[in-house]
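A.B. asks: Could you build the full structure based on these sequences and the hints that come with them?
Chain order of the listed sequences is A, B and C.
Counting with numbering that gives the first Met the number 0, you get residues 0 to 163 for the letters of the first sequence.
Counting with numbering that gives the first Met the number 0, you get residues 0 to 186 for the letters of the second sequence.
Counting with numbering that gives the first Met the number 0, you get residues 0 to 402 for the letters of the third sequence.
Just so you know, the hints here were simulated from the structure itself, not pulled from any lab data.
Every clue listed holds true.
Beta-carbon label-pair distances, calculated as ranges:
#, chain 1, residue 1, chain 2, residue 2, range
1, C, 181, B, 28, 52 to 60 Å
2, B, 98, C, 324, 38 to 46 Å
3, A, 66, B, 63, 46 to 54 Å
4, C, 181, B, 170, 48 to 56 Å
5, B, 7, C, 193, 23 to 31 Å
6, C, 181, A, 47, 49 to 57 Å
Treat the numbers as computed from the prediction; the structure is a model and nothing was measured.
The beta-carbon is built from N, C-alpha and C at its ideal position, and this holds for glycine as well.
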Amino acid sequence: MELLNKVNEKLKINFADSIVSAELLYDYPVFTIKSEVINDVLKSLKEDEELNFHFLTDLCGMQTADEKKLGVIYHLHNMPKNYRIRLKTFVDINKPDVATATNLWPAANWMERETYDFFGVKFKGHPNLKRILNVDEMDIFPMRKEYPLEDQTRTDKNDSMFGR
Amino acid sequence: MAKEIIKRTKLEIAKSPEGLEGPGFFATKLEDVVGLARKNSLWPLPFATSCCGIEFMATMASHYDLGRFGSERLSFSPRQADMLMVMGTIAKKMGPILRQVYEQMAEPRWVLSVGACASSGGIFDTYSVLQGIDKIIPVDVYVPGCPPRPEQILEGVLKIQEMCQNESFRRRESEEYKNMLNSYGIE
Amino acid sequence: MSKETTHTVNKEVIEEKEYSTLNLGPTHPATHGIFQNVLKMDGEIIHEATPTIGYIHRAFEKLAERRPYAQITPITDRLNYCSSPINNMGWYMTVEKLLGAKIPKRAEYHRVIIMELSRIADHIICNSVIGVDTGAMTGFLYIFQWREKIYEIFEEICGARLTTNIGRIGGFDNEWSKKTWDLINTFLKEYPKGLQEFSNLLERNKIFMDRTINCGPISAEMALSYSFVGPNLRAAGVDYDVRVMNPYSSYEDFTFTIPVGTQGDTYDRFMVRQHEMWQSLSIIEQAIKKMPEGAMHADLPDFFLPPKEQVYNNMEALIYHFKIVMGETDIPKGEVYHCVEGGNGELGFYLISDGGRTPFRLHFRRPCFIYYQAYPEMVKGIMLSDAILTMSSMNVIAGELDA
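C.D. replies: And the structure:
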């Protein structure tokens, strides 16, 4: 709880109107930030002397339940003091632009490519935003809820009997 | 005078093929001899992609030695290999590469599909996994399992050896074989 | 002791030269796994490496959105398939965190034993394969025998050798049999001799040391900026181990040291894994000695299959059995992130649940995927054979890379 308050105070100094929510979920302080300032927020959290989130644990994407927004989720870690927080930011699905975090952590490079590959989130300023796990010719973003899991071009399976 | 021979292990020497034996000669069919030689010297190409590859490493190691059956020398170059062992999931991205490797192998060649993923896509009924390598290359023996035990992989190899021994010389030139290859689009 | 490499002097001259392109293709005997590297080379020295991955992308995250919680364990098996029990336990702990369940100490100690055994299995593969890549096949053949012994232990408990699907959400289904404990005790007695034999072959072997020292080094700052974790990070000098920093499953009850390297080169990575194997043995011995009494499973009626005698005789037990197997139990809404120390480092599970029978979003934080990004940086300017050795010492498992 005190980490939540500490980070909240620090963020309010510069970004008071960009914090959409701050809550404690299962021992993790979780902040939802507006997508326009997410890079500045990450930079301030990384360079702050007391908080110093120097390690990017994870960067992933998600789609909200109403299927209208895409989210990018950052997990940050401060190893010497063992602080862990989560930051979320949401963008509209028709214009999913987020600033890249590769200028702060080189580790974000492939993680952002994976998020682009799965959800279609375009990271502005990314050096090499191409598909990484799927075939290069794929034109859909498979993790979005609208696309099915199975390959639709199969001819040898009859789903009418045992449905999916 | 001669020392008594004590057999400490139950080794079975490879049986010689049926034939006519005489003083200093042994007459048999050429196909039998060639089959015997081929089956006991299959050089595998381990195309190990995922978890089944680790079971293959266990098969190659000393406990379940694959070298006993003549496959001591693994060949990673398709041009020097007889048997293509596809072990693990083949994704759609990997399909063209598997096809290229198969086309580079010289006749006679056999394909062993190890594991559920290679045989039919396994538990991964997804958009990115090829549902069985027999969609792109002809397969001789399928070894089911996820992953199959090394004993099962060895049985797969033994079945290929059986096919190898009983294969006629003309099979690879026959119309039926050529039609089968054409159905896959392989010349 | 350390070779003076002259590639830094050559760098200025290289700019005017022509490069040849070498495709270290997806199928290659020395890349242990399916990933491609297109190398721009100046003779033997690598100028640039462009990795391509995704050749074994099996869409785990999308698959997990379709399967109920108890059925996701077989998918987690196939992430880092050399040490599948650790992945399984990590998944169970994530779900237990979501449910807020408290696991009895006895079950947690059993989990620790399984996780340390699988860590030994993972490090056996990595270290023996480093040996094979330098040409030392003997170490591989000798020490793989011990992996068979670990497989026997797993087989006694759960029936499978490699992709184990071991345990349940909430603990274990049964007490372990006497044969399992006999196998574990024999392993603890005999394996040190095998490990010592393997160490004698390679650790202070001049040829091996000359080959691996200063081969693909990485500094601690660069390692942290590329989000390295696990033995690769510890070899660079940072003592970050999830078991110590965020203890889970009663790891705080055990005393063990974290081996840390200095230069982050291949020899350091090899030695860190060797010492971790010794530490794992000590943890297993402590767990067996201090094993408390108690239940093997938490009281989670929504996840624990009732005993078979009741299922066949009692209506409620039958209904529960059916509901649990089909995944029609109630899961709370929420999102949780839990990490465990896998064979390669911090394996994280980010789970968002919307109350349905399957997860809304499940993301695996895969250490291999994240630290493999640093490979092009690490091999710039070194020779091809050293690059192969660097790749195999980083323990890149294709299943974890692509998921």
